[in-house]
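Given these sequences and hints, build the entire structure.
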Amino acid sequence: MAIETFTWCPRLNAQQEVKFRTRTVQFGDGYKQVTGEGINLRSQTWALEFTGNETYIAAIKAFLDRHQGTKSFSWRPPLEPLGLFRCSTYTPTALGAGKYNLSATFEQAFAP
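Mapping the sequence shown onto the UniProt record's numbering, position 72 (from 1) lands on 72, and the numbers just tick up by one.
Derived by calculation from the structure, the hints in this document are not laboratory data.
Keep in mind that this is a model prediction, so the values were computed, not measured.
It cannot be assumed that every hint is accurate.
[To be verified] Taking lysine-lysine and the DSS-like style, the derived pairs with C-alpha atoms no more than 30 Å apart in a straight line are:
1) 71 - 19
2) 71 - 32
3) 61 - 32
4) 19 - 61
5) 19 - 32
6) 71 - 61
[Unchecked claim] Beta-carbon label-pair distances, calculated as ranges:
7) 66 - 97: 24 to 30 Å
8) 25 - 3: 37 to 43 Å
9) 101 - 38: 32 to 38 Å
10) 84 - 27: 35 to 41 Å
All C-beta atoms in this analysis are idealised placements derived from N, C-alpha and C, irrespective of residue type, glycine included.
Structure below.
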């Protein structure tokens, strides 16, 4: 199966969290040794929000449901290169007057 690309644009308040995987050993004399853990030391998650009419939000929901939180998709986040991501949770909200909001968390994936 080909990897799909997520093409919808989030609202301006997209928020990134970057984590570095490290391993730390503290010695009795106050010396601390810190090293990277694994081959993918840097990972990122994005808190995103999308707002639009029913058709727009339904298309995003269908895309995320099709990937079921297990299959990765490609997406180019702000200030970052194109990468693989998964979305295991999202929250749609009805705003009234035919408008909807969808909040989602995209987690970086390192393999399809």
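Index of numbered hints that the structure contradicts, given in increasing order: 2, 3
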